[in-house]
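Novice: What follows is the residue order along each chain.
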Amino acid sequence: EPEVTQTPSHQVTQMGQEVILRCVPISNHLYFYWYRQILGQKVEFLVSFYNNEISEKSEIFDDQFSVERPDGSNFTLKIRSTKLEDSAMYFCASKGKGYTGELFFGEGSRLTVL
Amino acid sequence: GQSLEQPSEVTAVEGAIVQINCTYQTSGFYGLSWYQQHDGGAPTFLSYNALDGLEETGRFSSFLSRSDSYGYLLLQELQMKDSASYFCAVSANSGAGSYQLTFGKGTKLSVIP
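Residue numbers (this note's numbering), protein chains in the order written: chain F, 1 to 114; chain C, 1 to 113.
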């Protein structure tokens, strides 16, 4: 069964460092998303991406964040100058055509900023 | 923007039935989804309602009333493995032509023997 894969599963970084979280969406999907979940809290929307550009971003997704689809398979989230409050689980998700309410989530990348 | 309300915690006995309610406020509404998330895991899709009424998938059913901006998830014959967090999520057109899924804060279901 097709799945969304994310790497790394866990990354520990020092405050102020840059991190890149990687995702391989399901191959025939067209819409890609990043969400984050601070421990014990809800899943929060960061950004959606379609047709090689950002289609929408939340207030959380400020200039510290960027996304890129560098090739036909990868979808990356870059966080510059990490802060303690960036510590969270970051989920990548993808969606095919149509409105079915279903996003396919990866297993997440846990980011710990020290 | 969107807002969703659901209870923070529910406890139920194994074998029983539990209903998790969700109310929402949004514009550009497409439908209401439900996701299950076990501790440390990814959200996994359970069901989706775009039209009023009940959708049944095995032990799980989901209901939507668009006029009341209300839905619920019904879990029957509860099993211990159903202990998880359950999120309702609104699919909406944000106005920028983008399809966005906004999650509620989640309901932590504890199933006890």
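You may find that some hints are simply not true.
In silico DSS-like links for lysine-lysine, alpha-carbon gap of 30 Å or less [stated by the list, open to error]: (1) K57(F) to K105(C); (2) K78(F) to K81(C); (3) K42(F) to K108(C).
Derived by calculation from the structure, the hints in this document are not laboratory data. Since this is a predicted model, take the numbers as computed values, not measurements.
Novice: With a cut-off of 30 Å on the C-alpha distance, tell me whether K78(F) and K81(C) pass.
Specialist: Roughly 35 Å between the alpha carbons, so the hint for K78(F) and K81(C) is violated.
Novice: Tell me if the straight-line CA distance from K42(F) to K108(C) falls inside 30 Å.
Specialist: holds, 11 Å
Novice: Keeping to a limit of 30 Å between CA atoms, is the pair of K57(F) and K105(C) held or broken?
Specialist: holds, 19 Å
When each numbered hint is compared with the structure, a violation occurs for hint 2 only.
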